[in-house]
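**Student:** These are the residues of each chain, in order.
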Amino acid sequence: MSHATAPLIEVRDLGVRLNTSRGPAQAVRGVSFALRRGETLGLVGESGCGKSVTALALMGLLPDSAVVSGSVRLDGAELVGLSDSSYCKLRGNRISMIFQEPMTALNPMHTIGRQVAEPLRRHTGCSAASARKETIALLDRVGLPDAAKRVDAYPHQFSGGQRQRITIAMALACQPDVLIADEPTTALDVTIQGQILDLIADLVEERGMSMILISHDLGVIAENVQRMMVMYGGTVVESGATDAVFMRMGHPYTQGLFRARPRLGARKGTRLKTIAGTVPELADLPAGCTFADRCGIVEARCRVALPAAVGVGAGHDVRCLRTDVSMADAAGAVRV
Amino acid sequence: MSAPLTVPADSAAIAPGASPATGFWRRALRHRSFVLGAALSLLVLGAALLSLVWTPWSAYDIDIASKLHPPSAAHWLGTDVFGRDIVSLLLVGARSTIMVGVIAVGIGLTFGVCLGLIAAARKGWTEELIMRMSDFTFAFPAVLSAIMLAAVVGPGMLTSITAIGIFQIPTFVRVTRGSANAVWAREFILAARAAGKGGFRITIEHVLPNILSILIVQATIQFALAILAEAALSYLGLGTQPPQPSWGRMLNDAQTLLFQSPMLAVYPGAAIAIAVLGLNLLGDGLRDLLDPRLARER
Amino acid sequence: MTVLDQPAPAHETPLLDVKDLAQRYTLPRENLFKPAAHVRALNGVSAQVTAGKSLGVVGESGSGKSTFARLVMALERPTSGSVSLLGRDLNQMPPDELRRARRDFQMVFQDPYGSLDPRQTIARIVAEPLTALGRMDRAALRERVATVLRQVGLRDADMDKFPHEFSGGQRQRIAIARALITQPKLIVADEPVSALDVSVQAQVLNLMQDLQDEFGLSYILISHDLAVVDLLCDEIAVMYLGRIVEQGSPQDLFAHGAHPYTRALLEAVPRARAGGVRRRRGAQPIASQSTGSAGCPYASRCVLADQHCRDTAPALRPVGQAHLAACHYAEAVMALPPAVAESG
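Chains as they are written, first to last, in the numbering used here: chain S, -4 to 331; chain C, 630 to 927; chain H, 384 to 727.
In isolation and in its complexed conformation, chain S is listed as follows (with noise of 0.2 Å):
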């Protein structure tokens, strides 16, 4: 890509306070990252950890009693305290989302030729016909067999992987530069994750595209992306190129998620290493680090304030005051 230096997409110190049922919550705490074309991202992490928060605030989704905090720029343009109005013209555009539930991102009740045209329609104010042949084309590079017989079709005749594709389809069809994936195949089968996955990577490529991948799979992470960051009760708590953070995990939370998954061959009897404890709510975080109150290493001081992130390699940062500990702990940990 000919701009390559420049981020695409620079995400600094971003902080989302949501209101919850049991009061104010920091959703989100100083997340920051920078994406150039073609890069990608991933994020992972259980339930409630600000995932899904941060993409949502990516796309200026978030409800209007959120308060979002911090810059979002893309291609150096201010995101954050956007109209809606503004936003509009960007969400479908330059910025694209897939969600977890294909059959909940679909409207039922419309043919998928007219949801795969709208954005193209709205966006781009493309006529009628030639947004429905820019519909079949897509639909057709996405995968969707017998594509310009289906176009009329709607989403309850097809399965869940040809809905998946479908929703990709529409990400997709103004040529967004950022494309975030929110748990896109955890509603597939195994097999067809495969196939979903090896698409997205496939466009991702051909149109050098940023994205960022939201899973809670350590497997389709590590699989699929350059970049990842751990996220836990709304801070990021490890961060760094996927190969170095699997080769040396340096957050005691890291290692415990890894370590809590069922393995292949591990054979019957195999006693699972949990981590002691549920996950927070985002209501009621510890002080200190968020991880204090299920770790296994912790210390006083850990639970002060919030540790700042530390460099443990090119690019690969632990928010832990004790990584001399857990990092010497990890050596024999992840042995692939």
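Heads up, none of these hints are tricks.
In silico lysine-lysine, BS3-like type, Cα no more than 25 Å apart, as pairs:
1) S:128 <-> S:144
2) H:417 <-> C:752
3) H:402 <-> H:436
4) S:268 <-> H:436
5) S:84 <-> S:128
6) H:436 <-> S:263
DEER-style ranges, computed between Cβ atoms:
7) C:761 <-> H:417: 23 to 33 Å
8) S:140 <-> H:693: 11 to 21 Å
9) C:761 <-> S:62: 53 to 63 Å
10) C:657 <-> S:62: 29 to 39 Å
11) C:757 <-> S:62: 50 to 60 Å
If you want the footprint, here are the derived chain S segments under chain H, 3+ residues with CB under 8 Å:
12) 179 to 192
13) 205 to 215
14) 255 to 267
What the hints contain is simulated information worked out from the structure, not anything from laboratory work. Idealized CB from N, CA, C, for every residue including glycine.
Use these hints to put chains C and H onto chain S, whose structure you have.
**Tutor:** Structure of chains C and H alone, referenced to chain S:
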């Protein structure tokens, strides 16, 4: 596994103590539409109870000499065309209003809910039969059934109550069946079946409690509709018979004098509006308050 | 408690014996003048579970694994075939006897939010399988509820709370407590951890393992996740479009899988490790359930399929000791290098 926008209250922090009952009233008093609805409904109920022991004047005594008096110290809201005291008429009228509402909704609720629950539990041709029958009943407007009933047994309060009650059954059947079907589709019903429970026990123990709040809200709406229907029937002369006062009858009587003394129509109209509004607000509030998910919050 | 008059199981009688089970659903009619279409959700499935051992059932959506679970639980009547628990056919029992027999087999569901009645207290929910059996002294009932709650790692004090006060993992513990309360011999768990977060999933899986060790339970574990099944089961059945295509010990299946579908499933699992370069797979068409072609149902997706596969459906046959596969070329498939298994 994506982060919810509004984080639901669960796990860790569980409010200690606070028995559900005291919690209910504490939350109830903070619920604005419930408080307003309850106040208006209690006002109507209070009026009806008061009329049993005391009215400023007798609601039945005709005093042609003092007909159509404007409001005064003696007659707070004036008198009607027969010289009866409006306040007394309103108070006694509240009695028939409440009676009509309670009995008619009672009929509709009892039959409708039973039939709806059976339809949802049995499915198949039982459901078909119940639903088609209720469609058939629904096709007759309450006024028409009342006219037919009146033709057979003569007009009167009981006739109008029965007609309104029958008219309410299909609504309850529909609401009950619809919401019960949604409950039957849930996994905890499967769990109950796996435990060996039969259709009747599942209906009583799982389905009914889960649709209760919907039924209560529907009942308050139907109560309001019954009051309106009774007013309409009385207005047509098919409901409450003179000299028994009712709000609908008062409206009927005021009609001929609409240009002479328009206020005669306004008073019973306002009374009906207050009762209907109060019940609707009460229903709204109850729906929120009966949800255990909101029960122990904050 | 009701006393059951059970015949003492003979030594050969397996705990659960499923024979040639088939289930056909009628689809809603699309056209008044055409006969209604059918879906064969289950197509001649046989399996046995020995007391104390666990069977894993793996497959993708539409494979019939949830239908299998519902039939084993006698929540539906099969079109044909039989389900016998301790030698007694569940579908031949009078309703009252079936109700009493249910104390021996209980179920845990996938959705920890949907499977607990939001209007009931935990005590009522957990006690349900016992109260369904007959009247019971309230104090004894609460005592029993407290015991099982402790067994699944919850507190007695949780009894009088409502489901919404618990997290997903805790709710699944409650669901497990409900299944445990009758001291069953078999628990059918349909995707018990797929709705849970990774760290919580591990806690629940460990709990299920502990309970098996403690009470000698058998599980039928329905899952799409091979790793979960591998962890808890002695035997795995891989299902595809209503049939078992391969059955055997986890070791056999993972080291030398004999059916191409088993291998495809294993290879599709993303590996969490450094240098995990994605293996592009290329599009695969999906066969539909209603097509009644004569050949192997997997032929249209199979890389090894030839004309023989498309013409003749392979039968499930032994390919090793306690290892069955439904593939004409099972031996050739077994000789392939093992599907990548992750260790560590």
